[in-house]
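> This is what each chain is made of:
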Amino acid sequence: MSQNGDKLQIIAFCCHYCAYAAADLAGGMRLKYPPSIKVIELPCSGKINPVQVLKAFEQGADGVMVAG
Amino acid sequence: MPSQNGTPENPKSKTQNPKSVIGAVMVVGGGIAGIQASLDLAESGFKVYLVETKSAIGGHMAQLDKTFPTNDCAMCTLSPKLVEAGRHLNIEILTNSEVTGVDGEAGNFTATVRRKPRYVDLNRCTSCGDCSAVCPISLPNPYELNMAPRKAIDKLYPQAIPSGFAIEKEGVAPCRDGCPIGQRAQGYIALIAERRYEEALRLIQKDNPFPSVCGRTCHHPCEGRCNRAKVDESVGIMALKRFVSDYTYTYFGRKRVEPVPKTRNEWVAVVGSGPAGLTTAQDLVNMGYRVTVFEALPVAGGLMRTGIPAHRLPKGILQRDIDDILALGVDLKLNTPVEDPTTLLEEGYDAVFLATGVYEEAHLDIEGEEMTGVVKAIDMLREVNLGGTVKVGERVAVVGGGISAVDAAAVSLRMGAKEVYLFLRRPRGEVPAYQWEIDEIEREGARIMQDHTVTCVLGDENQKVTGIEFAEAKMGKGRRYIPIEGTEDTLKIDTVISAVGRSSGLSFLNSSFQSVTYNPKTMETDHPGIFTGDSKGFIVNAIALGHKAASTIDRYLRKEPITEPKKPAIPVAKWTKEEALARVARDNIELKPRVNPAMLPMEQRVSFQEIMAPLTEQQALDEAARCLQCGICSECLACVDACGVDAIVHDMVEQVEELNVGAVILAPGYQAYQSKLSEEYGWGRYPNVITSLEFERLLSASGPTTGHVKRPSDSHTPKKIAFLQCIGSRDQSHNYCSAVCCMYATKEAIMSIEHEPDTQVHVFMMDMRSFSKGYEGYYRQAQNKYGIKYTRCRISSVKENPENNNLILRYIDSPSEEAEDRSTVDGRRSTVIEEEFDMVVLSVGMEISDKVRELGRNLGVELDDYGFCHTALFQPLQTSRPGLYAAGPFREPKDIPETVVDASGAAALAGGLLAPERGTLVTRKAYPPEKDISQEDARIAIFVCHCGSNIGGFLDVPDVAEYARTLPNVVHAEHTLYTCSQDSIAHITERVKELGANRLIVAACTPLTHGPLFQDSLRAAGLNPYLFEMANIRNQCSWVHSDEWDAATDKAKELVRMAIARAAQLEPLHTSPMPTEKTALVIGGGLAGITAALSLAEQGFPVHLVERNDTLGGNLRHLHHTILDFGFPILDLSAANSQSKTCAEQRAYRAKSRCRSIQNLKSKIVSPQQYLAELEEQVEANPLITVHLETELARTSGFVGNFNSTLQSGSNGAGQRIEVRHGATIVATGGVEYRGDEYGYGTDSRIVTQQEFETLLATSRGAEEQRSRGAEEQGSGALLTREGERGSKGKTESISFAKPQSPIPNFQSPISNPKSKTCGEQSRTIQNLKSVVMILCVGPAEQYCARICCTTAMKNALMLKRLNPAAEITVIYRDIRTYGFKEQLYTEARRLGVRFVRYDFDRKPEVHLRQGAGEQRSGGANSITPAPLPPAPLHN
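Respectively, the protein sequence lines represent chains A and B.
Residue numbers 1 to 68, in the working numbering, belong to the letters of the first sequence in order.
Residue numbers 1 to 1436, in the working numbering, belong to the letters of the second sequence in order.
Hint data in this document are derived by calculation from the structure and do not stem from the laboratory.
Only a predicted model underlies this, so the values are computations on that prediction, with no experimental measurement involved.
Any given hint could be a false lead.
Unchecked claim - Within a straight-line C-alpha distance of at most 30 Å, the following computed DSS-like cross-link-like pairs (lysine-lysine) qualify:
| # | chain 1 | residue 1 | chain 2 | residue 2 |
| --- | --- | --- | --- | --- |
| 1 | A | Lys38 | B | Lys81 |
| 2 | B | Lys81 | B | Lys925 |
| 3 | B | Lys719 | A | Lys32 |
To be verified - Below, a sample of chain B positions facing chain A; criterion: calculated Cβ distance under 8 Å:
| # | residue |
| --- | --- |
| 4 | Pro158 |
| 5 | Ser702 |
| 6 | Thr706 |
| 7 | Thr1006 |
| 8 | Arg1034 |
| 9 | Val1040 |
| 10 | Glu1044 |
| 11 | Ala1048 |
Just so you know, even glycine gets a beta-carbon here, dropped at the ideal spot from N, CA and C.
Build out the structure end to end from the sequences listed, making use of the hints.
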């Protein structure tokens, strides 16, 4: 795992209706966050399966966020 | 089909002639009400025109941060509706539009809509925002309540629908309007203010090839029109123009001008190289023509060269402008006089423009004019300007008041004249030369002989001038100046220079041209192909003439009609002095005189060195800042240059459109109370006093402070915030409650603590009105969980502590035993406290704007005194005009949930009216049949978008596309400037088809807004829309990583790789239509159930109406009088009409609206029971409604659109069971009055509920007339309790319900059961009541507000006062919740002397019954009533 916070791989699973829209708004407001954070859109945060969270870690994610 | 809304103009008659009903609805107002109504109607098969005055829909809700009582994000709730409305094929959104009139009848109206220009073509705009980034005009942003700036081209808010930009423009700025060539002065001044000098020069050059010349010598009519002159001095436009050209040429160098390719074969000859000739040459060369300019003199420039001395226009400066024109590829032939232009045509020129200028100096018309020593200014100046020498005598007289005369005087002085006299026939302020020019020549040494005219030139025998005779002048007939006899005098003079005006002429041409005539409009001469015109001698007019000649010649050569095409009339932003002052006030502009450039010191004015210095940069910036930006948009065209899809159209004009619709829904909304009117609260003076809407924006993450609440004065986070309630509500000028302020203040208070947990919030209110579902719990949570303090005290004024801008409030605290400084409130001791707060929020109420009142007047609907729409009690959505419905706060202040209910209700009424035409005007999009791709491997086409510079400016878009091409399954990757532009969408469809691609990826913005658009292009290519994936490389990449080019590019590649990996896995998804059962089941036969059933039937759907009892009507059966009985103007239309103040106005509305219906309604509906009878009749007569009485719902199964339910009739399952199929269910099971044992209910006949009391009042009222005035019986008192409504038995409710009780449980009270007494007895009972106490919030109402009890109490109190004015009434309450217009009842009750006593749950009232005689006492644990009620013996 990297020591540098900016290099931490964060996967954010976001609900299409709220958190994903919030991530869009963050862009609209030109807020900044590290490029290593990636948003994956879900139809609903209830769609997330724990296996997917674990899989993200398995594949090298340093952190997983589920937002909805 | 009977009419639900009871209007005579109902579809029943119209349906007989289907063509007379239009299946379209106009919805006025694009707030949440308008959007909801539009979606309902469009979904049910009607065409909708949604008319909004702003540039986007969304209304107030779009400004809100959160919604109560759930703290949901307002935008997250609204945005999907916005997008849906924006994309709905059957909703046409008309933005920037106003409805100015509606003609016709219900079912068939013609609505007139004034559509103001948006100046942006929405079909082209991709909403990339590049235009806004370059706009130099910053304005206060109304969406942010002016707490943040916006640009003149902008979106109303980021999520706005329609998503395109819009330009705010009042019209053409007067400076531009006054300029013959339409120089965009406001535009280049705005650019100067932003130090964008090169752009400013480019903008000037768009209309003017001589910026350096006009920056020095223009007669600048623009400055004469400048609105700023109305408040101090006009802006120095000419000096700014010179500054731009001088500065740009000095610091950025001259741009190399490239020759324009010759794309036309025609040759044009221009005779004369003055401003007109060279302008024509430039324009024609730019159009691709071949142009030769013929000039008789050895130099080009015409009068600019020969008429203006170098101390005003240095020759090099002029040559610079001329050289730039020649460099375009203009052929200039010097020393080539043309005597006969027709020979040019013979030589092969296709057209000739005679631009020979104004060379003919007028005569002095005085004796001696022909003598040696009398010269014409024009000749003299030409000689000097061409480098020759002119001999002037020592004493020179110049005759004339124009700039040539001044120039001649200045030249004379520089040529050695010792004395120069300038003869002006008029006062110096009235001559054509500007005052400062006369002042300067005077300072240089000339003597100004104003109001004098030269009458005769004196000479010697050799006809050489020796002097002049002159006299004072006065204005004679025809505004001509004539000498005053007897004032003659003489002067010794050597040279007389005449400069009394010039005219154009063709005298130097071949004699055949001496009398040639031309048409000033078309510029055509008698000779076809030869054109000429007159510029009146001003350079800028000559340039205008040149432009006109070029376009005329172009049309002539293209063989198009020679007359100029008519230009749209764009309004001019010309202001009155008051308007100018208002703008100065709005923008806080400091009044100050213009900044004038420095002048050459007098001692240096001996040569032809330029006398006027350019403005310094700082001077120019100061002067540019003086511009008032009259047109708002400056028309600098920066947006046009920035727009990659040519979406900006600056010459759009207002259009008036007529639309045929069947119904109109009015949802124009409210405006927040203008808090500056309440000066005592200091809004506008004290920076930290803000309104609740402003606070809402401060809380919003997308607001001006990105969601951090900061004090406007110092940007500190406020630690102590006070909310002042009822600002603009419940006061002398607003006899109504705005119904939302208590809750939004609570919400804002909670949110401010959520943001900053250590914030202390104190709300000052009169009553807490948390009357709707979940509101009471929200209020309690605010107190218990968040520690928000609520104090019942109306603050009278706010003071500011000048040291820290804190606000000081004085208030009376809740009663306290310990406090020392005490005053009396409610008979108890209270404390006056003075406290300082960091911020004060004014909870502003709702008002109707002047604009909306005007709308109401124009549409002929009746409004009340406050401008709210009149609706009748039982037809709350029906306006006074049939076919026009009202929804939302336009009819009464209300919150979002109730507004949405209104909107759907109004949509249902409109749908009922137009039911026969459902589906006749809707559009459906046709797609090609879907291709089967199940056997194909994934073939992915990917389009990577630059989004103008939004993506392309921050990461390497071509590189991303290149990378995508290398990934598996990708058959095509390309990058486009705007992937969502119309042509790109078509291109995607084409490419997908050509390549046989079966998956589409767009790497661009967000699927939330753009996904459906691209899915559409996929469907158009014959593919399933779910074979689509988007990579969000804008909102979630380029915009958030704008400082990291490489990292952003890498992330974009990764997002694209992820999208490709997913796309390869995609499979087609199919939605399949399900047949639905178009029948509804309505459970509950009360007023709600009946109304729903009738509305559904009206809309053409069969209904099963299920009622457990043996009659319809529910609680309505127990209602006997309504608030209409008390003649409140807002609710009672006839009473409103009798109000003297608005009487004439109301009559005018009515005349306009032909509102027979309301009179009709009024006459029909006088009492609830009559209304119920009418409804029952309508239900019975309606073949679509099946009524199931004494029936309950036993079981229901199925799903939306297809339910199966079992109805069980008879009691205890004894009757038959019926199966019904239905697509929708409406649960309207209602509630019953709570009748628990609190306060001794059930133990004494004098303790009754309000419903019981109402029945008693009604009986008494009915018997009033028959009442005998017999011997008085014993006096009686009654104690009434008013309880909460409870939901009746119903499986859908979450609370548990008791079996409905018999109307009055356990005991029969003679007072509450009128059947047991005769009418006369009942009447006497009421008449004899001496005192009545009403206790509010009984039973379940302690937990939640039952919404109607306060109003019912008011109503019954008023009725009692009417029947028995002597009765003493005391209302014991917690909060009086007469929200909306119900407040008027409360006001009236207070006026009539009803006493109000407050209690809290920890000190509830107690009722004591006296033994035997049954004395009862009411009083709280802390004795909240000041004195016990008088003893009241039992009646029986």
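> Give a verdict on every hint.
Going through the hints against the structure:
| no. | hint | result |
| --- | --- | --- |
| 1 | A:Lys38 - B:Lys81 | 28 Å, holds |
| 2 | B:Lys81 - B:Lys925 | 20 Å, holds |
| 3 | B:Lys719 - A:Lys32 | 28 Å, holds |
| 4 | Pro158 | 5 Å, holds |
| 5 | Ser702 | 6 Å, holds |
| 6 | Thr706 | 7 Å, holds |
| 7 | Thr1006 | 5 Å, holds |
| 8 | Arg1034 | 7 Å, holds |
| 9 | Val1040 | 5 Å, holds |
| 10 | Glu1044 | 6 Å, holds |
| 11 | Ala1048 | 6 Å, holds |
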